[in-house]
Structures are given as C-alpha cells and as structure tokens.
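Engineer: Given the sequences, and given the hints that come with them, work out the whole structure.
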Amino acid sequence: MKVLVAVKRVIDYNVKIRVKPDGSDVDLTNVKMAMNPFCEIAVEEAVRLKEQGVATEVVAVTVGPKAAQEQLRTALALGADRAIHVESDERVESLGAAKALAKVVEKEAPQLVILGKQAIDSDNNQTGQMLAALTGMPQGTFASAVEVEGETLKVVREIDGGLQTVALKLPAVVTTDLRLNEPRYAKLPDIMKAKKKPLDVLTPAELGVEVASGLTLVKVEPPAERQGGVKVGSVDELVDKLKNEAKVIA
Amino acid sequence: MSILVLAEHHDGQLADATAHVVAAAQAIGGDIDVLVAGQDLGSIAEAAAKLDGVARVRVADSEVFAHQLAEPLADLLVSLADDYSHVLAAASTTGKNVLPRLAALKDVAQISEIIAVESADTFKRPIYAGNAIATVQSGDALKVITVRSTAFDAVAQEGSASVEAVDAAVDNALSSFVGEELAKSDRPELGAARVVVSGGRGMGSGENFKILDSVADKLGAAIGASRAAVDAGFVPNDMQVGQTGKIVAPDLYIAVGISGAIQHLAGMKDSKVIVAINKDEEAPIFQVADYGLVADLFEAIPELDSKL
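Residue numbers (this note's numbering), protein chains in the order written: chain A, 1 to 250; chain B, 1 to 308.
It is possible that part of the hints are untrue.
[Stated by the list, open to error] Straight line, CA to CA, 25 angstroms or less: simulated DMTMM-like cross-link-like pairs of lysine to aspartate or glutamate:
no. : chain 1 : residue 1 : chain 2 : residue 2
1   : A       : 241       : B       : 181
2   : A       : 169       : B       : 181
3   : A       : 107       : A       : 206
4   : B       : 307       : A       : 236
5   : A       : 154       : A       : 182
Since the hints were derived computationally from the structure, they do not count as laboratory data.
Structural biologist: This is the structure:
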C-alpha cells in the first residue's frame with residue numbers, strides 16, 4: 001500500500017524564539033529551521049512500514065515556502081521514495097494546509113496518511129483531524145502504536161488517563177505522538193542519494209484549492225515573565241516558607 | 001450569540017474541565033447550552049445542569065457515542081452547529097480530537113487552546129510552547145474553539161438548567177472501539193489537582209518515582225513527570241507535563257530532579273507557587289521557581305516527607 005506522509009518546516013526546537021518589536025509575529029529571520037519533531041516521527045513510521053513490507057511506496061508532502069524543500073529532502077534521505085511540494089508563500093493555517101493535502105490525497109490515493117500531531121510553532125494540533133474530515137477518512141490521533149491488519153488499521157492512542165485502542169477502516173489518517181517510535185538520523189550516502197529522488201512542485205492554484213484563512217493574526221506578544229524567587233538552604237526552611245509565607249500547605 | 005459547550009466526562013462523571021469551559025463561554029457572552037454525548041448519561045447530565053450560566057443541557061445518549069470516537073461525535077456536532085455562533089470544548093485529548101474535525105466539516109478555522117477572551121471573535125492563545133502569546137481574530141460565522149481549562153476559573157454549581165434529549169441519527173462505519181487501558185489511581189487528576197509533584201530525568205528510574213508517593217499522599221497531590229522522564233521510559237506518557245503533555249496550573253507545583261526545559265516550563269509555569277529541588281544549581285528550573293532547594297533529591301524527598 002501507498003503511504004503519504006506530511007511534514008512541516010518549523011523553527012528548530014532548540015532555538016529560543018523572539019517576538020518582533022512591532023508585535024506582528026515571531027521573528028524568523030536568520031533562525032535555524034528544521035523538520036517539526038512530530039513529523040520526523042511520522043516519516044520514521046512510514047519508512048518502517050516500508051521496511052516491514054507493509055508499505056510499497058512512501059510519498060512525502062509539504063505545504064509551504066520554497067525553502068521547505070529542505071525538509072522534503074530530509075524526508076527523502078530518511079527513506080521516502082519521492083516528494084510533493086505544494087508551494088505557497090502565504091501564511092497557511094491548518095485548514096488551508098488540510099485542503100491542499102486533501103487534493104494531494106485525491107491525486108495519490110494513499111491507503112494511509114501519517115502526520116505529526118502538532119507543529120511546535122503554531123501548537124494547533126488540527127491538520128490531521130481536518131484532513132480526515134475533508135477526505136471522509138477515519139482518524140487515529142496521538143498514536144503510540146499502529147498495525148495494519150488487512151483492510152483495518154489498529155491504532156493505540158495516547159489519551160488523558162491512559163491508552164485507547166481503535167480499529168479504523170482503511171484508508172485512514174494517523175497523527176503521531178512521541179512514543180510511536182524513535183526517529184533515525186539520515187546517513188551521508190542517503191543524503192546524497194536523496195538529491196536525485198523525484199520532487200514535484202505544485203501550487204495551490206494548480207490543485208484548485210484556496211489556502212487563505214478566516215483567521216487574522218492581530219498581534220503577538222511575549223508571555224508575562226515569571227520572576228525567579230529565592231533559594232532556600234534546607235528542607236526545614238522550605239517547609240516553613242510553604243506554610244508561613246506562601247501559605248500553600250497546612 | 002449562542003454557544004454550545006461539549007461536556008467532558010469520564011467513568012460516568014462530569015469532568016471538572018467542563019465548568020472551566022462554561023466560564024470561557026460566559027466570557028464570550030450569550031446563551032449557553034451544554035451537549036453531553038455518550039451512553040448512560042443520567043448523572044452526568046444532572047451535574048451539567050447544575051453549572052451556573054447554562055440554559056439547557058442537550059443529551060445525546062447512544063451506543064455510537066459510547067467511547068467519544070471522533071467520527072460520530074463530529075457528525076453529531078455538525079448536525080447541531082447551525083443553531084450556534086460558537087462551539088467550545090476543553091483542550092483535552094477528546095476536544096482536540098473532535099473539534100478540528102467539526103471545523104473542517106463546517107469549512108471554518110479552529111482556534112486551539114485559548115487562554116483569554118478579548119471579545120466574541122478575538123482570543124488569546126499560546127504559540128511556540130507558550131514563549132509567545134498570539135491574539136487571533138476569527139472572521140468565520142461559526143467559531144470552533146478549544147479552551148485551556150486552567151486559564152478560566154470554574155463556574156459555581158448552583159444552576160438548574162433544563163435537560164432535553166437530542167434525537168441524533170448518527171452511525172459510524174469508519175471506526176470502532178477495541179479497548180482501553182486507563183491508569184488506576186486514587187490521586188486527583190493531574191489537570192485538576194491543587195498540588196502537583198513531578199519527577200524528571202534526575203529520578204533515575206521508574207522504580208525511584210515511588211519515593212514521591214508518600215509526599216504526594218500527604219499533600220493530596222497528583223504526580224506528574226517531565227518529557228525526559230517519559231522518554232527515558234520511567235513513567236507512562238499520561239503523566240507528562242509540558243508542551244506535548246498536560247498543561248497544569250496548581251496552587252503548588254514541586255519539580256523534583258527536573259532541569260526545566262522550555263517545553264516542560266510551557267506546561268507548568270502558570271502554577272501559583274513553584275518549588276524546584278535539583279542538585280544542579282545552574283538548572284533553568286530555578287529561574288522560574290519561587291523556592292529553590294539545591295540538594296540531592298534522594299536525601300531531600302525523604303526528609304521533606306518526614307517533615308510534612
């Protein structure tokens with residue numbers, strides 16, 4: 001079966017972000033960018049399915065600016081067979097991305113689509129669910145294990161309070177949680193080989209899709225700073241402060 | 001305006017989060033209905049009817065909603081949404097699963113995890129793990145919103161809303177429930193606890209987390225963990241506090257052997273009082289802690305236990 005895996009270019013998770021002085025957005029000039037960590041887990045899962053002989057082809061896709069092709073090349077180096085870039089310089093919110101991905105699903109007809117559960121920039125946690133809705137597929141969100149059983153996909157989901165297992169009728173959408181797998185690093189020969197793998201570029205217009213959003217970003221501001229307090233010298237002093245100063249324990 | 005709040009419930013009980021989401025609905029203003037969907041909902045609907053500010057509780061009692069699967073629940077919400085200007089749910093794993101699906105089916109944006117209501121169409125929400133706060137305005141006719149419940153104080157329970165059944169013809173051929181493994185604990189729920197004691201990589205092993213038990217019992221605390229402790233396999237993921245886990249804001253948060261990575265701070269820095277116990281005096285957690293104790297946790301925790 002064919003597996004489609006979506007990836008997003010985001011700020012590297014180690015970078016400390018700065019808000020622009022005019023409050024219009026976060027400042028991304030000259031900031032190190034990388035593949036969203038949850039998308040790395042998605043690519044890894046797709047590649048493992050291929051290595052197990054379950055998947056026959058892994059297609060990586062992204063929606064974003066030209067520079068996002070770097071992340072597609074990373075996916076190719078990690079083991080994806082080919083890539084599709086839906087190029088847009090606009091600010092694409094979750095619904096727009098899901099609409100573009102739905103068109104790619106229509107063209108490619110994958111049996112399984114894997115996405116990260118959330119991107120670490122917008123922290124939305126929406127695109128996979130929206131894609132499932134738009135394509136009429138079931139969704140296995142926050143997955144910590146997936147298993148293909150004939151026409152059915154069993155997904156173990158991380159839910160508040162524990163784990164839930166659901167059975168989904170294929171084709172289906174899965175979004176990855178942290179414990180699904182541990183992504184590998186790309187090896188140098190694979191990075192070289194990835195440069196020669198096919199990468200198609202499409203525009204939202206060519207797909208016949210409108211990626212504009214009903215949301216306006218009014219402003220972005222830094223959060224209220226929390227001031228550090230004091231160091232205490234002993235457990236006794238700590239208990240005393242909590243009882244008599246902070247009054248949070250009896 | 002009219003607002004529909006999707007009730008959160010577990011094990012036949014209305015979850016506390018619902019009272020917080022109703023508070024967010026009150027901040028938006030308008031008539032508030034609560035939808036309770038599931039199976040055998042009698043006592044849950046009664047509890048929802050007591051929430052202040054709720055006009056009507058709508059009950060969709062059917063086997064198809066028994067396990068809160070996203071596909072039928074979103075279809076149910078789609079069938080009701082035309083009566084409302086806003087649909088709200090807690091930013092729980094249920095709310096996050098279902099509401100984006102509803103939004104896409106209605107061709108509108110979804111606004112995730114709001115922490116403040118500026119007006120009926122403008123909201124504040126954290127981005128970049130809480131390192132920036134975005135103000136977003138929705139131009140959509142229907143606003144679909146998940147709410148960070150710790151950011152809104154719960155409404156009181158002195159109301160008396162009417163309760164009526166929803167006649168929903170929803171079926172589900174796409175997904176089915178296989179099973180679940182829920183952590184059994186006598187402790188308070190992590191998201192609602194007044195005190196949280198969390199362990200990090202410094203705990204060293206899952207076995208060592210047991211030394212937190214007695215302190216947690218004495219304080220009536222829930223036990224949490226950092227992502228590093230979850231990644232190391234010490235404890236299950238449902239204990240994770242942080243950007244990718246649970247967001248908590250208790251009166252007292254005690255971080256034990258936690259260095260204070262950005263993504264962990266995103267999950268707990270709105271706590272009223274933060275205590276950090278760590279042997280590394282340079283650990284970033286001390287920059288947000290009200291009280292820091294530089295000590296070996298394996299000595300400090302038993303001592304703390306003996307003095308509580």
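Engineer: Against each hint, give a clear statement of whether it holds in the structure.
Structural biologist: Hints versus structure:
For the proposed pair residue 241 of chain A and residue 181 of chain B, the alpha carbon gap of about 40 angstroms is over 25 angstroms, so the pair is violated. Pair hint residue 169 of chain A plus residue 181 of chain B holds up; C-alpha atoms about 22 angstroms apart against a cutoff of 25 angstroms. Restraint check for residue 107 of chain A and residue 206 of chain A: the C-alpha separation of about 12 angstroms stays at or below 25 angstroms, so the hint holds. The hinted pair formed by residue 307 of chain B and residue 236 of chain A meets the criterion: a straight-line CA distance of about 8 angstroms does not exceed 25 angstroms.
Our distance criterion of 25 angstroms between C-alpha atoms is met by residue 154 of chain A and residue 182 of chain A, whose separation comes to about 20 angstroms.
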